[in-house]
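So you can see what is in the structure, the chains are spelled out below.
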Amino acid sequence: MELLDIHEISVQFGGLLAVDGATLTVEAGCVTGLIGPNGAGKTTLFNVITGLQAPTRGRVLLDGRDITRRRPYRRARLGIARTFQRLEAFGSLTARENVLVALEMRRRWAKSSYDSNALAEGLLEQVGIASVAHKRVESLPTGTARLVEVARALATDPKVLLLDEPSSGLDEAETDALGVLLHKLVGGGLGVLLVEHDMPLVMDTCAIIHVLDFGRVIAHGTPHEIQADPSVQRAYLGTTKTAS
Amino acid sequence: MNRRWSNLFVWAGTIAFVVAVSWQAWAGNPVDGTSLLNLLVFSLPLAGIYAMSASGLVVVYTTTGVFNFAQGAIGMFFAYVYWQFVDQTTGWGWSPWLALPLVVLVFAPLAGIALDRVIMRQLQGQSLVVQLMVTVGIMFALIGLAGLIWDQQEAHSLPPLFNGEGFNIGDVVLTWHRFATILTAVALAIGLRILLFRTRLGIAMRAVVDNRGLAALSGARASLLSGFAWGLGCSVAALAGILLAPEVDMAAGGALTLLIITSFAAAVVGRLRSLPLTYVGALILAISIGWSNNFLLFAGRWTNVSPAIPAIMLFIVLLLLPRAELRFARTHVMRKIERVSTVRDTVIGMAALFVAMWLLSRTLSDANLSRFALGICTALVALSLVPLIGWAGQVSLAPLAFAGIGATAYARLGGDHGSIWAVLLAALICMPVGALLAFPAMRLQGLYLALATMAFASFVELVFFAQPFAVGAGSRLVSHLHIAGFDFEDRRTFLLLVTAVFGVASVGVVALRRSAFGRRLIALRDSEAASATVGVNILETKLAVFALSAGMSGFAGAFLAMHYHTLGSGSNNGFAMLQGLAIVLALVIGGVACVSGALFAGVFGLATVLIQENWHLDLWKTIVFLAPGLAALGIIRNPAGAVVEIGEGFAVLLPWRRDARREAAELKAANAEPEVGELGLTREFEEADVLLVDRGLGISNDVPRATTRTG
Numbered sequence: 001m002e003l004l005d006i007h008e009i010s011v012q013f014g015g016l017l018a019v020d021g022a023t024l025t026v027e028a029g030c031v032t033g034l035i036g037p038n039g040a041g042k043t044t045l046f047n048v049i050t051g052l053q054a055p056t057r058g059r060v061l062l063d064g065r066d067i068t069r070r071r072p073y074r075r076a077r078l079g080i081a082r083t084f085q086r087l088e089a090f091g092s093l094t095a096r097e098n099v100l101v102a103l104e105m106r107r108r109w110a111k112s113s114y115d116s117n118a119l120a121e122g123l124l125e126q127v128g129i130a131s132v133a134h135k136r137v138e139s140l141p142t143g144t145a146r147l148v149e150v151a152r153a154l155a156t157d158p159k160v161l162l163l164d165e166p167s168s169g170l171d172e173a174e175t176d177a178l179g180v181l182l183h184k185l186v187g188g189g190l191g192v193l194l195v196e197h198d199m200p201l202v203m204d205t206c207a208i209i210h211v212l213d214f215g216r217v218i219a220h221g222t223p224h225e226i227q228a229d230p231s232v233q234r235a236y237l238g239t240t241k242t243a244s
Numbered sequence: 245m246n247r248r249w250s251n252l253f254v255w256a257g258t259i260a261f262v263v264a265v266s267w268q269a270w271a272g273n274p275v276d277g278t279s280l281l282n283l284l285v286f287s288l289p290l291a292g293i294y295a296m297s298a299s300g301l302v303v304v305y306t307t308t309g310v311f312n313f314a315q316g317a318i319g320m321f322f323a324y325v326y327w328q329f330v331d332q333t334t335g336w337g338w339s340p341w342l343a344l345p346l347v348v349l350v351f352a353p354l355a356g357i358a359l360d361r362v363i364m365r366q367l368q369g370q371s372l373v374v375q376l377m378v379t380v381g382i383m384f385a386l387i388g389l390a391g392l393i394w395d396q397q398e399a400h401s402l403p404p405l406f407n408g409e410g411f412n413i414g415d416v417v418l419t420w421h422r423f424a425t426i427l428t429a430v431a432l433a434i435g436l437r438i439l440l441f442r443t444r445l446g447i448a449m450r451a452v453v454d455n456r457g458l459a460a461l462s463g464a465r466a467s468l469l470s471g472f473a474w475g476l477g478c479s480v481a482a483l484a485g486i487l488l489a490p491e492v493d494m495a496a497g498g499a500l501t502l503l504i505i506t507s508f509a510a511a512v513v514g515r516l517r518s519l520p521l522t523y524v525g526a527l528i529l530a531i532s533i534g535w536s537n538n539f540l541l542f543a544g545r546w547t548n549v550s551p552a553i554p555a556i557m558l559f560i561v562l563l564l565l566p567r568a569e570l571r572f573a574r575t576h577v578m579r580k581i582e583r584v585s586t587v588r589d590t591v592i593g594m595a596a597l598f599v600a601m602w603l604l605s606r607t608l609s610d611a612n613l614s615r616f617a618l619g620i621c622t623a624l625v626a627l628s629l630v631p632l633i634g635w636a637g638q639v640s641l642a643p644l645a646f647a648g649i650g651a652t653a654y655a656r657l658g659g660d661h662g663s664i665w666a667v668l669l670a671a672l673i674c675m676p677v678g679a680l681l682a683f684p685a686m687r688l689q690g691l692y693l694a695l696a697t698m699a700f701a702s703f704v705e706l707v708f709f710a711q712p713f714a715v716g717a718g719s720r721l722v723s724h725l726h727i728a729g730f731d732f733e734d735r736r737t738f739l740l741l742v743t744a745v746f747g748v749a750s751v752g753v754v755a756l757r758r759s760a761f762g763r764r765l766i767a768l769r770d771s772e773a774a775s776a777t778v779g780v781n782i783l784e785t786k787l788a789v790f791a792l793s794a795g796m797s798g799f800a801g802a803f804l805a806m807h808y809h810t811l812g813s814g815s816n817n818g819f820a821m822l823q824g825l826a827i828v829l830a831l832v833i834g835g836v837a838c839v840s841g842a843l844f845a846g847v848f849g850l851a852t853v854l855i856q857e858n859w860h861l862d863l864w865k866t867i868v869f870l871a872p873g874l875a876a877l878g879i880i881r882n883p884a885g886a887v888v889e890i891g892e893g894f895a896v897l898l899p900w901r902r903d904a905r906r907e908a909a910e911l912k913a914a915n916a917e918p919e920v921g922e923l924g925l926t927r928e929f930e931e932a933d934v935l936l937v938d939r940g941l942g943i944s945n946d947v948p949r950a951t952t953r954t955g
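Protein chains in written order, with our numbering: chain A, 1 to 244; chain B, 245 to 955.
Hints were generated in silico from the structure; no laboratory data involved.
There may be inaccurate statements among the hints.
Restraint-style ranges between C-beta atoms, simulated for each label pair [to be verified]:
#1 A:Tyr236 / B:Ser759: 26 to 32 Å
#2 A:Gly64 / B:Glu889: 54 to 60 Å
#3 A:Arg71 / B:Thr443: 19 to 25 Å
With the C-beta cut set under 10 Å, the calculated list includes, among others, these residues of chain B facing chain A [stated by the list, open to error]:
#4 Thr607
#5 Ala611
#6 Asn612
#7 Arg656
#8 Gly659
#9 Asp660
#10 Gly779
#11 Asn781
#12 Ala788
Per the computed footprint, the stretches of chain A lying under chain B, defined by three or more beta-carbons under 8 Å from a beta-carbon of chain B, are [as the list claims (entries may be wrong)]:
#13 15-21
#14 76-89
#15 145-155
#16 198-207
Every residue gets a Cβ at the ideal spot worked out from N, C-alpha and C, and that includes glycine.
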């Protein structure tokens, strides 16, 4: 069943239509890919889903409930978590503290009680950065800081996780590890919306892929279908003809 | 609340306020042609001066991103320079027509360019509080410098231009000086319009506003432009100062320096961008002030409403601004982050402080005991800002306003035998006041919030204390604290009391920093957007920290009241807005995010007072202003604060602090990375950069390469 339903979302910045009637769904238990050239409106769409950007038109539904007008922190409590393309980690806190902030907030709305410290260690272990738990995030390389963001997002115990180019800054082995982690997470029933430029990672992890171009969803389907889609090739390469 | 309705509410409230005040304070003058003409003749020149000053502010802010608190002080300083040239008796007796262009078109712009080169250019990318406090420091330095050169014990006055002659419009006299002021403002408006829209330079300036990086890539020389903007800003500041000086008291820390509040209000009407709207704002302000001067009579508790009009208007305009977007993390100059001390270390440190004070206090005279107590009380006020500014990154310039409210509450509630409950009540009373101020201000970000608190501080200074329920016309006697039959009247026991209170409060603050709430505040400062997406209710958190800080300020204020023993209602009662600014400045110099920074603020204030009082040298007579002003320049190098810098420097020398050495090395490596955006554009691509790129690309050093650069 559909976990997250983005319905006819449009965002206008002055004369620029950044997102133009985009519709897509994210299902529980699988990774949904969102790809498209730079400036296609992917990050803007993420901001709309998390409530950082109000849409000009359209609705966002989580579990069938309209959350379009909810404030960002409410959405987080309802189960939407994300990472950012341009790093938004809490730079002056340690990796462990980054996760703790999220865990301590979750404690306020979740009914269960837990040991934040142990859980934080576990989450850092899960994304594979336990060794830098006590380092200030500002001093970490970009790729590692991204993983801190992933751990922080997971700490809110989300239903749906939005990842904005998580692999940029990671080397090949780390990217593979990320793919394994994604498979494991969706195996636990989490829904993931993945914006990514690393095509092997997208093709390997995504069950379904949406292609965004100039703010519109121009295609969606399985990785196989998308690879064959001529409109996608046009969007990415500008023309179907290969350069001579 | 819906935004349309809330705006309507503010407008209706404003109109009701103006009508009610006019009704109450109506002086009974007839409203006819002559009196309205009088109003215009008074208001238009004033509007011109406000508009000039505010335009300078806007031009500098839009091109360089620095909001200049020293705008008024620059005008004040150059008004004195001008005075030096033209004064017949002690000055050099030049003709005004020679001195005026020399000061406004040569000296002031040169000073502006120098200011940009030496100081302002290094403020790019620094945090807001650092940017603000450096300009506040310049303001204090200029007040100090002016006081040093031109003895403030003597009265200085400037005659108006054209020997004060004028011409008649009906029954009303318009002096040529005021007429020239109006013309100058109009000419400046036209000149700026042509400059910004018709010249290459102006178009480049506007491009820089939109996107500095892009403008640099397309060939605009940002550094040249910022120099030009500062030159222009200083020039119009000087012009405004010189034209206003004949109409007001020239005292260094007085009306000319405080012109900033008025200019801020006018500039905020133009959202710090639009010059036409800034002129409109200046006009509205001048007419309001003219209206109150010509038709209203404020007496008794309301005497100071008239000078408070700019502050009130600044606050109202801020309420009408649209809600700010959630803030994403901005790339700052790599900061040296405060080492978070442990509670245990703080307890040891504070115990040591107490013992030291206990020993020291045995040798101090009564006067010095009193000064030390004031220093510690100041540190306590500064401590209240550590969670707010240091951790949450919300700039408040009103610590002494809340302290004043707390002081008043304690004075009223303390009774004959000041009880500890009155102190706690004083803190409790300030918390909702702080939340109430913060609630509308929370919609605003950074700079606007700082301005709103400044307006509040100014309002408290001018209007609050004069209210009969607060202090009223005379003064209030404040009783000493009694705890369990023990009296803290004696100077020495009071000093030890405040030292102990500071110690306990400091331990509390450190414990708070290490708690979940403390972490959440740091998270908020680092990225509001990310905080919101992990479930932090930003509004609630900001309100909480604002209330906490206000409560702590009020708590400190109760001890300040005990120290002063009498609480006056004038601006010299120890709770003035400018003094509050000085405390914020001293805290930032010391280290805004740590307890030792607050202690530094107190000790720094104490040291300047001790120097001034004990060494009767002319050079030291304005050190209270000069020292913080000059020390502010150090903030640029050490944004984390002097105490942190010294502490880290000391720590790497200790053999057992291997962690400190490692961290210093990491920091050095991180800071060594060049600013990529400027590389090759404003900074030459050097050998070191080549090596860096090679390393980035994985090219080894032994690859043969051309040794000479081509082209």
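Okay, the hints, checked on the actual structure:
1. Between Tyr236 (chain A) and Ser759 (chain B) the beta carbons are some 50 Å apart, a value that contradicts the proposed interval 26 to 32 Å.
2. Between Gly64 (chain A) and Glu889 (chain B) the Cβ separation comes to about 56 Å, which falls inside the hinted range of 54 to 60 Å.
3. The beta-carbon spacing between Arg71 (chain A) and Thr443 (chain B), approximately 45 Å, falls outside the hinted interval of 19 to 25 Å.
4. Look at Thr607 (chain B): its Cβ only gets to about 42 Å from chain A, farther than 10 Å, so that hint breaks.
5. For Ala611 (chain B), the interface hint is violated, since its Cβ never comes within 10 Å of a Cβ in chain A; the closest pair sits about 42 Å apart.
6. Hint on Asn612 (chain B) is violated. Least Cβ distance to chain A is approximately 39 Å, over the 10 Å limit.
7. Because the beta carbon of Arg656 (chain B) sits about 38 Å from the nearest beta carbon in chain A, more than 10 Å, this interface hint is broken.
8. Interface restraint check: Gly659 (chain B) against chain A, minimum CB-CB distance 41 Å, threshold 10 Å, status violated.
9. Checking Asp660 (chain B) against chain A by beta carbon gives a least distance of about 45 Å; that is not within 10 Å, so the hint is violated.
10. Taken as an interface hint, Gly779 (chain B) checks out: its beta carbon lies about 4 Å from the nearest beta carbon of chain A, inside 10 Å.
11. Given hint, Asn781 (chain B) at the interface with chain A, holds; its Cβ is 5 Å from that chain's nearest Cβ, closer than 10 Å.
12. The closest approach between the C-beta of Ala788 (chain B) and any C-beta of chain A is roughly 13 Å, which is over the 10 Å cut-off, so the hint fails.
13. With 0 residues having a Cβ less than 8 Å from any Cβ of chain B, the region 15-21 of chain A misses the three-residue criterion, and the hint is violated.
14. With a threshold of 8 Å between beta carbons, the proposed coverage of the region 76-89 of chain A by chain B holds, since 10 of its residues qualify and at least three are required.
15. Proximity of the region 145-155 of chain A to chain B, defined as three or more residues with a beta carbon under 8 Å from a beta carbon of that chain, is established by the 4 residues found.
16. A stretch counts as covered by a chain when three or more of its residues have a beta carbon under 8 Å from one of that chain; for the region 198-207 of chain A and chain B the count is 0, and the coverage is violated.
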